[in-house]
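A.B. asks: What follows is each chain in one-letter form.
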Amino acid sequence: MTDKDRQTISPVPRPAGEEEDLLRIWATPKGWRLPTAVNNTVIGLLYLGAAFLFFVLAGILALIMRTQLAVPGNDFVNQDLYNQLFTMHGTTMMFLFAVPAMEALGVLLLPQMLAARDLPFPRLSAFAVWAYIVGGSVFFLTIFFDLAPQGGWFMYPPLTLTEFQPGDNADFWLLGIGFIEISAIAGAIEIIVGVFRTRPPGMSLDKLPIFGWAMLIFAGMIMVAFPAVILATMLLEIERAFDWPFFTAELGGDPLLWQHLFWFFGHPEVYIIFLPAAGLVSMIVPTIARKPLVGYNLIVVAIAATGFFSFGLWVHHMFTTGIPALSLAFFSAASMAVAIPSGIQFFSWIATFAASNRKIQFTTPSLFVLGMLAIFLIGGLTGVMVAMVPFNWQAHDTYFIVAHMHYVLVGGMVFPLFAGFYYWVPILAKRQLSERLGRWAFWLMFIGFNVAFLPMHFTGLLGMPRRVWTYSEAMGWGPLNLVSTLGAFTIAAGVLVFIVDLARNFRVGEGGKDNPFGAGTLEFLPQDVYSTRSIPHVSSRYPLWDDPDLPRAVAAGEHYLPNAPTGGRETLITSPIHARPQYVIQMPGPSWSHVLAAVFTAAFFLLLTVKLVTPALICGALAILSCLVWVWGIDKGPDKGPIDIGGGLHLPVYVTGPMAHGWWAMIVLMIVAGSLFFAYLFSYLYLWTVSPDAWHAGRPYLPGALRPFLSALLLISSAGMIWGARHRLKIPGHRSLVSAGFILLAALFAGTGLGLEFQGHWGQGLRPQSSSYAAMVYLGIILSAQIMLAILIMCFYCIARILAGKLDRIRVASLENTSLLLYYLVGQALLGLLLIHGFPRIMGPLA
Amino acid sequence: MSAGRGLAGLGMALFLIACQGQQSALSGGGAESDRTLALTVLLGVGGAIIFLLVAGALLVALRGPRRWRSFLSAHTLVVHGGITFPAVVLSLLMIYSFAVLRAGPVPESGPDKPSHVIRVEGLQWWWRVTYLQPDGSEIETANEIRIPVGEPVRLELISADVIHSLWIPAYAGKLDMIPGHTNTLTLLASEPGTVRGQCAEYCGGAHALMALSVTAMLPPSYERWLAGQAEPSQPGETTGHRAFLSAGCGGCHTIRGSPARGRVGPDLTHLASRPSLGAGTLENDAAGLARWLDDHHQVKPDNLMPDYDFLTASEQAEIVTYLSELE
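So the protein sequences, as listed, match chains A and B. With this note's numbering as the guide, the letters of the first sequence map in order to residues 41 to 887. With this note's numbering as the guide, the letters of the second sequence map in order to residues 14 to 340.
This is chain B alone, in the form it adopts within the complex:
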């Protein structure tokens, strides 16, 4: 394969990743990310042009015709090239950038006040997601955010331990989660789809393995889904349920509708409806669950869940079956 074809192939691959990537700042998909993408393209192209101009000037200064060189050697070049030119370009850019910035956050009051408020708490190394209902009730889930398409959603970002940062590039820029602070980020998705987000502030050990999925749904399906999440689970008195409780899992995890009431780890009430395990680390299926129970410190080193290698094979299988049924 020639170098040219290789380069073209690489470019093509880049383009495909950029547009389809679930975690790309170049794909667009939300109001804020679209505006920022336009700014990015402008900055990238403009920067490339300026680079070519200045590099061209340098080449002329080194090897160009004498007349051009004497033009470049004037003191006025330093003044206009070094002061006037950047001052004008930067002022224009600044105005544009502030325009983008002002268009960003949705006003807090008035008709645009978001009717959807979700509290997202960063913890080492997962996300606690709580839907704050207009009636004051709360619906808790983890490592997955769902939002209605076309409606502004306000995320209230807090942290339980160290600094994290929520970054869902397809919809918006990142915003930090800082102990003692509450930051708010507004998302506005333009079409349905699932994207990926990841912690962007180094938060210790398993920082690389702290991701989440974000799904934008049409409002009716969103409402249906949220109503489902509000329900307790229907576990039944299976052997898996008993094994789960007797292994002490309920000390850390909550399964609403069961005696499991722990608050340390993620709420598992509707675990089976989520796309992943371990905050974006494993596929959420029976194999993934078994792998997690067997080997989670290998899969996600340093995570705070104790080892469960003392479970017998049949206990483990029963728990996996039980968890797979928590729709």
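Pulled out of the complex, with its shape left as it was, chain A reads as follows:
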């Protein structure tokens, strides 16, 4: 397409009233209805604001700890409070600040970078944000009531079992993690579907901004890593509440199972935090240099490689647990190898700076980027040190590690975040932040950080372990600790200056320069509540540099979809690789339903934590009800299409099957469920290797071979029923009662299949409390039963839609998604039957 053609995608001048329509349709609700907002900029800013608040709060906890450690033998806080403080500091920083902040950036920036009007599932993001805000706040408040967890941020059992922590404290930790699990997975769905399907026409994957690539890998890693911690937290809560012995050695459990699961999540988590932040840097550096990023392809490979390698490193958190030398060597090598992708990114940034034709200006975003480079470099080098097993044995669980991981996380994530904030404020706010205050904030934070954490490397090697609330003067750690404390307060002063800057200068709204830094990417196009006036055709990685007229043309409505032809919120869906326009998605607007769903979900978990079971169940039911209300109106059907989006393209407004964004979301969800089940398979086999005796003792309780076959038959028939239901649907305007019957039978068959499996083991007298084997058998059933519960609700929802005349051969999205999940369940349950009934029979004769 030549420049001349592009002028004519949509004819100009645009008819009067179009922009007014867009403004009205995309308006942010005002006043008391503000919480119903779903615009990605509003929700994203709320998300980021909440994450920043938790950063400040967790930082205050750190200051209290630093005050306590400033001098030997201090009694500023007592042992019990200190143990709560470091647990809350770590948990809050990791789970309530770092991951949500990165997701917030995705929600906030991705649609702008892709010139999409919103993310594909606006209410899902909003739901995740509200659940996170309500749940996270309650979790954090526990510190004021002596109810905060005190098991360390990684909560190793047996210390966290009821025997050693009988109070509700540990349960609050599990609760806090539960919310972050929900919002992380919701975020992953948004980001994967958003990046693959809402790119502007012409932005093939090789033109995707690096931040988009980073978020894509981020979301992919969440899909694989979070299920491991979901399973781990399930195991711990079940053992705490019902005594199923997953971690109790006497009954065939193993405390190390927790560590494997936790770090299989926990190590990728570091990269989940780092990759998007590195993506930010890869966006900012080219702007500073006014040159395209050197080595774009290499960076994409590096990001993907980091994501891949990060799953092979988890054991390096367990080098001191006494694992065999061969494993040590493998994981040590893998831990070093992951340095290479970071090296690529580092040298790519250096090369981009060097390529610049102009004198680099040290604006506040540049300063924070350079600060990031210096700090993260040190963190990376000490990372290589701790990957060396013999050194690790000395440094592990000392202040050396405290120093190392703060260099990695503050360098790798906090500094880029501040850089990003100063850099992207112009697209959100009426005016820029103060350069003068920004410099003060940077230098205070940068100097304070190094003063606080550089000495800690030595404090650790001089013998100071982590998580100690006091030390005696004779140890000689006093002076170094005092220096660290002074540094910590200097960082705090820097953050305070930033907050002052925010208070004085940050005003959300339009106005000010659109592109003050001269960036080349789409988020600096002129914007309003509807994002860009029209969706540009993109033909390079830096469209604003290559076509200086683009901002004017986009704002004049010369590109795609300059209006709202369906009369509601909509955005363009393009093909996953080449970004060819496929259809226009009709998106939901503001609503209370998802807000209530979030509040009731949070209430459900909170009430369960404090063991108020009946109110919890009521809230759970209300949460499900709110979800049903929320989704009932989403499936708007094909009636308003096809529509003209410009460029001679007439697109449908409703598709189903593998082209639909909903289908993609369901696939993502299935991958998450699959990862969860994979983590279960790992746990089952791991515990078997640790205590084959428990399996041997459980063998007599195994039901006869006929029963699993019957279960399998029922499950397979259930899949057949839902297939039949899909194929007996009638054309629009007719109620497909036969299909409704089939759907009912599908739910019934699948439920009976699972029930039969449960009853088989129970009838043989196997009880989950008796051994790790028994606990694993019942856990497998639980994992399938929870999907079954969702399917049951979805089946009744589909039946209701059939009866309401909203589900037919064309308007079939609800049934399609229900079928997908049911097919997945059948697959998982069959695999489960094979494992539970096959494995002991195979291993029995061998033992």
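The reader is advised that the hints may include incorrect statements.
[Claimed, not checked] Only part of the chain B face toward chain A is listed, based on derived beta-carbon distances under 7 Å:
#	residue
1	ARG82
2	LEU85
3	ASN196
[To be verified] Pair by pair, the computed Cβ-Cβ distance ranges are:
#	chain 1	residue 1	chain 2	residue 2	range
4	B	GLU169	A	ALA661	50 to 56 Å
5	B	ARG79	A	PRO588	22 to 28 Å
6	A	GLY803	B	ASP315	43 to 49 Å
7	B	PRO288	A	ASP733	41 to 47 Å
[Said to hold, decoys possible] From the derived model, a few chain B residues whose C-beta atoms are all more than 10 Å from chain A:
#	residue
8	ARG132
9	SER150
10	GLU236
11	ALA299
Hint data in this document are derived by calculation from the structure and do not stem from the laboratory. Note that the coordinates shown come from a computational prediction; the quantities given were computed from them, not determined experimentally. Backbone N, C-alpha and C fix where the C-beta goes; we use that ideal spot for every residue, glycine too.
Add chain B to chain A, keeping to what the hints say.
C.D. replies: Using the frame of chain A, we list chain B on its own:
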């Protein structure tokens, strides 16, 4: 005082602490810790050099002469700086690290099989130390390990409750004590001396106050000391002994040679010969004992010993005298 002098003073202080510190990974003193120290120095110096190189490259990229900058802006820089350079350096490091690793554990069989085996059990928040004798007998003590110089000693690490980690940096890296697992750590001390160790895995409440002392002795004195520990105590029927028993102390503590047979708390048979009380929390002298009996929940919060504030002053003094005599 000028900043430079301050810095020099700090450096000097660091150096002194590093070399004399009883709990320092930088002091050396055992076979494994010496090898690791060499690796540490290499990694530290090498890391500093790489930092200076990369930071230098960054500075040149920002402000350097045009010719140098055009060299740095090449795509090949990303390939060689980001892939080749780290790959070579890391491979060499890995080989060295594995060499250190292989030299570490003393082989289980053959002439090097350790003749000294000590079982160390981690408990909230102290250490039960049992010397496993070749004849199958066991000698139990607590919160103190003694080893012969120049002879490999195998520690069998177990836990009674939660996960702990034994870390004696002067001799070796740390190794976890995990319920259901037995981990073995081999120590080889190169010269006599006393160092400090501490629990390195957060184990709840008083984790910060779970330390122990480790003394390396010349083999003859070690053998003499161990023979002494094997003996029961010679308490005599003192008033202190009776007060100890009537206060119920024997329910938790063992004093061999007396009716006190408890297994919950540390064995006190030769308490007076140990350097500290409360797992490295107080000096082991009459004042320390009195303080412990008075106020141990203040000294070491959450520790599992019941309060003994109901003892009268004279009872307490008698018990202190009695315990001070358990040589």
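A.B. asks: Can you give the numbers of the hints that this structure goes against, from lowest to highest?
C.D. replies: When the structure is compared with the hints, none of them turns out to be violated.
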